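Let's have the full structure, built from the sequences with the hints guiding it.
Same order as they appear, the protein sequences are chains A and B.
Once you know that position 86 of the first sequence is 86 in the numbering used here, the rest is easy, because the numbers rise by one and skip nothing.
Once you know that position 55 of the second sequence is 55 in the numbering used here, the rest is easy, because the numbers rise by one and skip nothing.
By construction, these hints were calculated from the structure, which means they are not laboratory data.
These numbers come from a predicted model, not from an experiment.
Treat each hint with caution, since some may be false.
Unchecked claim - In silico PhoX-like links for lysine-lysine, alpha-carbon gap of 20 Å or less:
no. : chain 1 : residue 1 : chain 2 : residue 2
1   : B       : Lys120    : A       : Lys106
2   : B       : Lys35     : A       : Lys115
3   : B       : Lys120    : B       : Lys104
4   : B       : Lys35     : B       : Lys111
5   : B       : Lys120    : B       : Lys35
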Amino acid sequence: MRRITELAVILSLVLGVSVLLVLAASILLPGIEVRQLAFFYLYTTINPWFQNYTVNSPEAVTAIVWDYRGLDTLFETSVFYLALIAGLALARGLFSETPQGSFNEKTHGLTTIVKTVTRVTAPMIIAVGASIGLHGHLTPGGGFQGGATIAVIPLVFIVVYSTLFLIARGVTSNKMLVLRSIGLLGIGFTSIAAFLIGLAIGRFAYVFQNMPKPGAVVGLPADINGALISGTLWFFNLFEMIAVAAGFTIAFIILLLAGRGGSGGR
Amino acid sequence: MLDLFILIIRYIGLALITLGGFASVIAAIGFYRFKNFYLRLHPLTINTIWGCVFPLTGISLLTITLEELGAYKWFMAGASFITALIVLMLAPAGSHAIARGVHKSRTARVKPCIADLLDKDLCG
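This is the structure in structure tokens:
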């Protein structure tokens, strides 16, 4: 009886989802023509003949995230920051339980095979993360993705070498919090960079302004010596990458704290 | 002469990709048939080396010969080759760590067992 009921439930779920998909395909399927809003973004994301409205970034997603709706992203970053602060506050008593010994290559962590492979791949992961983050205005990716990729390094090192290794190398949650704050401050300063330049030279400029706009001619350079940086986008990606990498490192250190009596992996 | 060379490289690439597909099927069968955890790790590594590193190398050889891709062929070939190298390094280390961790923590028993020289209690 129970098997029949389970079978009936699964069958009805599958059939229901199929019906929904068929209905959705006939009603919600988007047409082949580009919608008006999408056309605006695609038309203005990089357009040398439309200088007063363009972002000068071939990657429309990053342009939307950090320019068209930059304020939204700033608040998202702040929410992530506050979540980490809350995590640190929640775990504040636990840090005293972290073993205070020094890292010993022979007794801590996994075997030499895994350690060697980790040592070889770590620089590659950093290179890939930096490439994803700093090319965020040119190719798919961006600061958050690059930072999340770089944050894999401390996670792997905690698992393979133990938390003591990170602490011995000076990667503590307090230092990471400082790095994260530097990243967030950088994002804040980048967001008002055009405004500050406007104040300095006595011209009108917006907060979160990137390229010159009609009525506000102050703007950041689209390229440095021919290399496209898309004004504020490159700086936003750089600082977001630092902030996210440090933030995730804090989260991993908190989540994978060596407990009392833990001997670091053995 | 050059055409023959390109043709040979292309067929080596195709052969490696075919070999990868064949090895993946074998690994899947082994994954289904083998009796305990440590034995199942064996087809897993067959899949990562034979079924992943070899076809990726084959793709990189094949794309070098494809003139239709233009300059992007070097990009694709390089990316495939680097990925193959990284998988070649990471996969054995990963399976080694998994096997060692499971055996050390005594999570999975060796069953059916002929001999377990590291830990006799886990046998059987």
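Hints, verified against the model:
A C-alpha spacing of about 25 Å is found between lysine 120 of chain B and lysine 106 of chain A, which places the hinted pair above 20 Å, so the restraint is violated. Under the criterion of a C-alpha separation no larger than 20 Å, the hint pairing lysine 35 of chain B with lysine 115 of chain A is inconsistent with the structure, at around 30 Å. Between lysine 120 of chain B and lysine 104 of chain B the CA atoms are separated by roughly 12 Å; this keeps the pair inside 20 Å, and the hint holds. In summary, the hint linking lysine 35 of chain B to lysine 111 of chain B is supported, as the alpha carbons are separated by about 7 Å, within the 20 Å threshold.
Using a Cα cut-off of 20 Å, the hinted pair lysine 120 of chain B and lysine 35 of chain B holds, with the two alpha carbons roughly 19 Å apart.
Comparing the model with each numbered hint stated earlier shows that hints 1, 2 do not hold.
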